[in-house]
Amino acid sequence: MRVILALAVLILGSTGGEIAITHGMKTTREPARLRPLALLRFLGRAVQNGWFWAGVPLMALSFYSLLVLLSWEPISLVIPASALSYVVGTFGAKYLLGEQVSALRWAGVVLVCAGVALVAAG
Amino acid sequence: MASERRLRIKTLLMVLAMVVCANVGDLMLKRGMSRIGAVQLTASGLAEAFRLTVTNGTIWIGIFFLTGFMLSYMTVLSWADYSYVMPAGAFGYALLTLLAVIFLHESVSPRRWVGVVLICVGVLLVGQTKPRTTALASEAVA
Numbered sequence: 176m177r178v179i180l181a182l183a184v185l186i187l188g189s190t191g192g193e194i195a196i197t198h199g200m201k202t203t204r205e206p207a208r209l210r211p212l213a214l215l216r217f218l219g220r221a222v223q224n225g226w227f228w229a230g231v232p233l234m235a236l237s238f239y240s241l242l243v244l245l246s247w248e249p250i251s252l253v254i255p256a257s258a259l260s261y262v263v264g265t266f267g268a269k270y271l272l273g274e275q276v277s278a279l280r281w282a283g284v285v286l287v288c289a290g291v292a293l294v295a296a297g
Numbered sequence: 715m716a717s718e719r720r721l722r723i724k725t726l727l728m729v730l731a732m733v734v735c736a737n738v739g740d741l742m743l744k745r746g747m748s749r750i751g752a753v754q755l756t757a758s759g760l761a762e763a764f765r766l767t768v769t770n771g772t773i774w775i776g777i778f779f780l781t782g783f784m785l786s787y788m789t790v791l792s793w794a795d796y797s798y799v800m801p802a803g804a805f806g807y808a809l810l811t812l813l814a815v816i817f818l819h820e821s822v823s824p825r826r827w828v829g830v831v832l833i834c835v836g837v838l839l840v841g842q843t844k845p846r847t848t849a850l851a852s853e854a855v856a
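Residue numbers (this note's numbering), protein chains in the order written: chain G, 176 to 297; chain E, 715 to 856.
No wet-lab data here; the hints were simulated from the structure.
One or more of the hints may lead you astray.
Claimed, not checked - Straight-line distance between alpha carbons at most 27 Å, and here's what the computed DSSO-like set of lysine-lysine pairs gives: (1) E:K744 x G:K269; (2) E:K724 x E:K844; (3) E:K724 x G:K269.
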């Protein structure tokens, strides 16, 4: 039971946090070029974005949940189970971020989710 | 068309940077947490685990690489879809298996090979879709 609870915190925390951060980065304006100075300026703009700071605590919560889970269970159980976040995250991208998830992309996501579960299961 | 190609190339480069940083970071975290041992879910147990993690050098190396992952992740998400970047990043699991076979001569179970093939096909399918399907809030500035 405690494993399922920690896993739910891990998946919902990471996808929720990543979706908030994606929204923040989309409104931040991308770096003009991939050079250190432009990236620093980008980072400076990104940390002034409220959505970024909404995402960080969710990701931190998810990260701590991962550390706790890794201390209880082998990595070969924790990572396959957390592979569900690929599907959860894609639903979030479609309904919260308004991204167009084509049938081709869905097929890819489902294969990746199953593949990650199998690889991590060993 | 040229800009579409450029978008694809820079997206793939950033995904590669993400994958390398995330794999090294996770490996270091796992190594550090194994030394710390099982965390007890009590107030004192969590406090003790917190004290042990922040004083562990291996954990900090892991955090350094995960910070690099976070930066490349934030950058790529400023122009590409979350539903494109997230599955594409799973390529790391396939890469890790191939590296383990080539350099560490590890034996890999058939189940794991099936997983590697599924990930590669999945990432190829996602890679066929457009990296960005939403409008940008504003144009890039220096």
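Evaluation of the provided hints:
no. : hint            : result
1   : E:K744 x G:K269 : violated, 32 Å
2   : E:K724 x E:K844 : holds, 13 Å
3   : E:K724 x G:K269 : holds, 23 Å
Checked against the numbered hints given earlier, this structure breaks only hint 1.
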